[in-house]
Amino acid sequence: MTTGANSENNLPENAATDPSQNLTPSPLSPLLAALQQVNREWITSTSEALGETTVIVPREHIVDVCSHLKTAPEARFDFLADICGADRGVEEEPRFEVNYHLFSTTKHHRLRLKIVLNEEDVHVPTVTGVWRTANWHERETFDLFGIIFDGHPDLRRILLPDDWQGYALRKDFPLRGYEPYSLK
Amino acid sequence: MSSAVNIPPQFEVVDRPLDTQMTISMGPQHPSTHGVLRLELVLDGEMVVKATPDIGYLHTGMEKLFEYKKYQQGIVITDRMDYLNPLGNNLAYVMAVEKLLEIEIPERAQTIRVLTCELQRIASHLVWLGTHALDIGAMTVFFYCFREREKIMNLIEAASGGRLTPSYFRIGGLMMDLPAGFERRVQQFQDGFLKSVDEFHTLLTGNRIFQKRTQGVGYISAEDAIDWGLSGPCLRGSGVDLDIRRANPYTGYEKYDFEVPTESECDVWARYMVRMREMKESHKIVTQALSRLRPGPVKADAPKVVLPDREAMKTHMDALIHHFLIVAEGFDVPAGEVYQPIEASKGELGVYVKSDGGPKPARVHFRGPSFVNLSALPHMSEGCMVADIVAIIGSLDIVLGEIDR
Chain A
1 MTTGANSENN
11 LPENAATDPS
21 QNLTPSPLSP
31 LLAALQQVNR
41 EWITSTSEAL
51 GETTVIVPRE
61 HIVDVCSHLK
71 TAPEARFDFL
81 ADICGADRGV
91 EEEPRFEVNY
101 HLFSTTKHHR
111 LRLKIVLNEE
121 DVHVPTVTGV
131 WRTANWHERE
141 TFDLFGIIFD
151 GHPDLRRILL
161 PDDWQGYALR
171 KDFPLRGYEP
181 YSLK
Chain U
1 MSSAVNIPPQ
11 FEVVDRPLDT
21 QMTISMGPQH
31 PSTHGVLRLE
41 LVLDGEMVVK
51 ATPDIGYLHT
61 GMEKLFEYKK
71 YQQGIVITDR
81 MDYLNPLGNN
91 LAYVMAVEKL
101 LEIEIPERAQ
111 TIRVLTCELQ
121 RIASHLVWLG
131 THALDIGAMT
141 VFFYCFRERE
151 KIMNLIEAAS
161 GGRLTPSYFR
171 IGGLMMDLPA
181 GFERRVQQFQ
191 DGFLKSVDEF
201 HTLLTGNRIF
211 QKRTQGVGYI
221 SAEDAIDWGL
231 SGPCLRGSGV
241 DLDIRRANPY
251 TGYEKYDFEV
261 PTESECDVWA
271 RYMVRMREMK
281 ESHKIVTQAL
291 SRLRPGPVKA
301 DAPKVVLPDR
311 EAMKTHMDAL
321 IHHFLIVAEG
331 FDVPAGEVYQ
341 PIEASKGELG
351 VYVKSDGGPK
361 PARVHFRGPS
371 FVNLSALPHM
381 SEGCMVADIV
391 AIIGSLDIVL
401 GEIDR
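Read top to bottom, the protein sequences are chains A and U. At the far end of the first sequence sits residue 184, using the numbering used here, and the numbering has no gaps. At the far end of the second sequence sits residue 405, using the numbering used here, and the numbering has no gaps.
Don't take every hint at face value.
[What the hints assert, rightly or not] The calculated DSS-like cross-link candidates involving lysine-lysine, where the alpha carbons are at most 25 Å apart (straight line), are:
hint, chain 1, residue 1, chain 2, residue 2
1, U, Lys64, A, Lys114
2, U, Lys360, A, Lys171
3, A, Lys107, U, Lys255
Just so you know, these hints were derived from the structure itself, not from any lab.
This is chain A alone, in the form it adopts within the complex (with noise of 0.2 Å):
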């Protein structure tokens, strides 16, 4: 699907062995260090790029991440701008990623933590624990993309009828759904 030198499409496997190798400086870069200080398994790349830091994080630590990213004097990232879905493309893989955008409504810095997730399991855990406005952004990836919060108090479709039949944001659905119509 992509051709172009997209480095965060080509998500590099040996960046997983040596991650301050791709740290790049940036205001966050003290806060990522401290970060990997914690837990060196937080954090399996970071990039930087048109003024915004990514951070992709292993879908298994993303509530610790979360829930010191909040707290930590240095970050206090209280506020949850957005989740949300992305698909890469059918044939990609991974082909799901979840964008988690962060904000600190005291230091006013962003923060984007990203997971990357196979087309099998499009499992995660849910961060409504840390951020209660958490519920409907996960319900709308849900919804959209099909990606299954786990430990999420209410799953439920939010902007599609209940009985609606596929995930409508994946590439693969149809713009115009499924004929006759989507319903069952």
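Once you have looked at the hints, place chain U on chain A.
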């Protein structure tokens, strides 16, 4: 309590006259749910035990549609989300794409963006004020608000040609420069507006009924408001001093002098007062933007992205080629992803754009402030009266077009 008269058990007065819970559906066709919002209310008498918003009635698959449209075609879709603040939606989207393209916007275009966006913010707040008052039972305010809003709609129409769907901002600048005499017309509006705000205050602020209906209703503490992701006037009504225009300035907002109003009561009244004060601040910004308007280009110097002037297109071969290519094939946007937040009239409007290098986006996602603010409704409304729900929904200032997308 023992009385000589023997009261039959069915006539005995108990604390809870109805010891049963009743589930009723409020909406989707209910005038005070501001569109097609359905609330599933579990009531105990008139007290709300549980409120569950049910949304999606207006879902039109906009985010899917973006993936099938070229970047510049997407601007038109954004108009239809928050239809009370379309210029804000335009701005967030074009800024996200401009960030991916890394193009600089000329000073005049930036100033006009601020000017028109602040006018739009006032218009959006006027609709909120009118409908909020209408929900609570004050009908007069609605007419006064729409009288003022009409003036702004006329201004936006003069600049862009559209009233509800202006699509005035383009990737790389504006559709076209302001028409002749626009500054004078804005000044005319400006001269009368502060008096109108005072007029609104005389209609509502001192009104005992309005005070009783709003004060102490829909309480949400600052910690809860942040935890629920509230933004905009709803967050500032809980005493949190946060405005994206200040926190992460964009379009040159750091050069403007304005206050960020906050109120600490955390209730419907506080959110009312914040918006009332915000209208005056927006008025202040418009005045400053007017004085900053200098002649200059309104489109960036990026011939592969920005459509050439009509005159150039007719006389220059290369301009004609660029015009043809942009319209027929679009332009390639470098691969990458951005999240661009702006302070829309309702709160943080965030746009996530992911590009795979082609002329169409790989993914566009909107973080609508109404969507997130509405998710906190159960937290605010449980334990209150049914009539208060109407006041709380009004104070959240939701637009279903943006929630359902």
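Need the status of pair Lys107 (chain A), Lys255 (chain U): alpha-carbon distance at most 25 Å? Holds - the C-alpha atoms of Lys255 (chain U) and Lys107 (chain A) are around 20 Å apart, at most 25 Å.
Tell me if the straight-line CA distance from Lys64 (chain U) to Lys114 (chain A) falls inside 25 Å. With a Cα-Cα distance of about 21 Å, the restraint between Lys64 (chain U) and Lys114 (chain A) holds, given a limit of 25 Å.
When you check the alpha-carbon spacing of Lys360 (chain U) and Lys171 (chain A), does it fall within 25 Å? With Cα atoms ~13 Å apart, Lys360 (chain U) and Lys171 (chain A) stay inside 25 Å; holds.
Against the hints set out earlier in the document, no violation occurs for any number.
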